[in-house]
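Chains as they are written, first to last, in my numbering: chain A, -11 to 102; chain B, 403 to 517.
Hints in this document: simulated from the structure, not taken from any laboratory. Since the structure is predicted, the reported quantities are computational estimates derived from the model, not experimental observations. A hint or two may mislead.
[Said to hold, decoys possible] Computed footprint of chain B on chain A; a stretch qualifies when at least three of its residues, placed anywhere within it, have a C-beta under 8 Å from a C-beta of chain B:
no.: 1; segment: 10 to 18
no.: 2; segment: 32 to 46
no.: 3; segment: 93 to 99
[Said to hold, decoys possible] 27 Å max Cα-Cα, derived DSS-like pairs, lysine-lysine:
no.: 4; chain 1: A; residue 1: K(-9); chain 2: B; residue 2: K411
no.: 5; chain 1: B; residue 1: K411; chain 2: A; residue 2: K58
no.: 6; chain 1: A; residue 1: K(-9); chain 2: B; residue 2: K424
no.: 7; chain 1: A; residue 1: K89; chain 2: B; residue 2: K443
no.: 8; chain 1: B; residue 1: K455; chain 2: B; residue 2: K424
no.: 9; chain 1: A; residue 1: K89; chain 2: A; residue 2: K58
no.: 10; chain 1: A; residue 1: K89; chain 2: B; residue 2: K424
no.: 11; chain 1: B; residue 1: K442; chain 2: A; residue 2: K89
no.: 12; chain 1: B; residue 1: K443; chain 2: A; residue 2: K94
no.: 13; chain 1: A; residue 1: K61; chain 2: B; residue 2: K442
no.: 14; chain 1: B; residue 1: K438; chain 2: A; residue 2: K4
no.: 15; chain 1: B; residue 1: K424; chain 2: A; residue 2: K61
no.: 16; chain 1: A; residue 1: K58; chain 2: A; residue 2: K(-9)
no.: 17; chain 1: B; residue 1: K443; chain 2: A; residue 2: K(-9)
no.: 18; chain 1: A; residue 1: K(-9); chain 2: B; residue 2: K420
no.: 19; chain 1: A; residue 1: K94; chain 2: B; residue 2: K420
Glycine included, C-beta positions come from ideal geometry on N, C-alpha and C.
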Amino acid sequence: AQKITQTQPGMFVQEKEAVTLDCTYDTSDQSYGLFWYKQPSSGEMIFLIYQGSYDEQNATEGRYSLNFQKARKSANLVISASQLGDSAMYFCAMREGQDDKIIFGKGTRLHILP
Amino acid sequence: DTEVTQTPKHLVMGMTNKKSLKCEQHMGHRAMYWYKQKAKKPPELMFVYSYEKLSINESVPSRFSPECPNSSLLNLHLHALQPEDSALYLCASSQWDSSHQETQYFGPGTRLLVL
């Protein structure tokens, strides 16, 4: 079974609209961490946001927020007021417990339309 | 400073060559990673070093040989590669902060072409 599932291979969104990128995860660990990354066509992987499993508040970083629903094992990324520069591949990832391994989902390609 | 640097940016090598990829971070991160990424795919973990010791080797062929000379440096030695090894090689480092928030920063990658 996949540990990280991103069900949207691609999305097209109008500029200035909010975007929600879906991510569900599968783990039996009580302690885990969830990450979101952005990868533009240049190839660089950019860390966006982190949510620990014990964090009660949803993580936020500027225009990025993580909608963490623990019971549903869901960690969706919300981008407010999208910009053309947000066009990129977005990856959700998870670390289980104190494992050194970070597991990536297959990614969602986001296209922002002018 | 949240920078991870990688050299070279691009590398073309023949199947009989020996080359090395280098990665450096000065954030004091305890863990460093090598990933391989093919086009339109997620990164695949290759190796993890934790406190300068190899903690994970994801069954990577021996033609890839990692080395961690100190806590800031990570090398990937390449020898007798195959054309299917052509990919983007990403280095990353990570650390937890005092509030148990983790960050993982990636370098810009080395685009490797094996002829």
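Right, here's what the structure says about each hint:
1. 10 to 18: With 0 residues close enough to chain B, the hint is violated.
2. 32 to 46: Three-residue rule met by the segment 32 to 46 of chain A, so holds; n is 7.
3. 93 to 99: With 3 residues in contact (Cβ-Cβ under 8 Å with chain B), the coverage given for the segment 93 to 99 of chain A holds.
4. A:K(-9) / B:K411: violated (31 Å)
5. B:K411 / A:K58: violated (40 Å)
6. A:K(-9) / B:K424: violated (30 Å)
7. A:K89 / B:K443: Distance of about 18 Å is within 27 Å: holds.
8. B:K455 / B:K424: Satisfied, since the Cα-Cα distance of roughly 17 Å is no more than 27 Å.
9. A:K89 / A:K58: holds (21 Å)
10. A:K89 / B:K424: holds (21 Å)
11. B:K442 / A:K89: It holds: about 21 Å lies between the C-alpha atoms, which stays within 27 Å.
12. B:K443 / A:K94: Holds. B:K443 to A:K94 sits at ~6 Å (cutoff 27 Å).
13. A:K61 / B:K442: It holds: about 25 Å lies between the C-alpha atoms, which stays within 27 Å.
14. B:K438 / A:K4: violated (34 Å)
15. B:K424 / A:K61: violated (37 Å)
16. A:K58 / A:K(-9): holds (15 Å)
17. B:K443 / A:K(-9): holds (16 Å)
18. A:K(-9) / B:K420: violated (36 Å)
19. A:K94 / B:K420: violated (32 Å)
The structure is inconsistent with the numbered hints 1, 4, 5, 6, 14, 15, 18 and 19, although it conforms to all the rest.
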